[in-house]
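Enquirer: Modelling step: build the complete structure from the supplied sequences, incorporating the hints.
First residue of the sequence shown: 1, per my numbering; consecutive thereafter.
Everything hinted at is true.
Each computed DSSO-like pair below joins lysine-lysine, with the alpha-carbon atoms no more than 27 Å apart: (1) K71 <-> K14; (2) K71 <-> K101; (3) K154 <-> K18; (4) K18 <-> K101; (5) K14 <-> K65; (6) K154 <-> K14; (7) K14 <-> K101; (8) K18 <-> K71; (9) K101 <-> K65.
Rather than coming from a laboratory, the hints here were simulated on the basis of the structure.
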Amino acid sequence: MRILLAEDHDETAKFVEKGLWELGHEVMVARDGTTALRLGQDEPFDLLILDRMMPGIDGLAVLRKLRASGKAAPAILLTALGQIEDRVEGLDAGADDYLTKPFAMSEFVARVNALARRHGSLQAETRLAVGSLEMDLLVREIRRDGEPILLQPKEFRLL
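Expert: Right under this line is the structure:
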């Protein structure tokens, strides 16, 4: 899955990027809203992960502009703003999910997986097949002729 991650906080960006990369996703990172908007308009993404408070244009404005231009990729807003009004505003702006910081990576991954299940186009791109070999990037499973192949995490990443 191709993911746009718009996050200006270095530690958070590296943490999320590494976690998504380990799940087999291709991640493009934008450190400000202006870059995120340009990338979101110019590149095809399967998922948008946007920080609400970024330099330049905030994540909410980025999302509104992308939605107005017809971009329909699912979006998760990440933010320190956790009041009910903030969450409602984010969801009304077009976000599919809203996660407050700090967050556990396991919850974040579960939310990404839930979006993948709800959006058929996302799910199709998480399965790779060559001949009798099948690889499911979301559940991290390899099968040959329907039989599971057990791999260590590092072996899976290498494959």
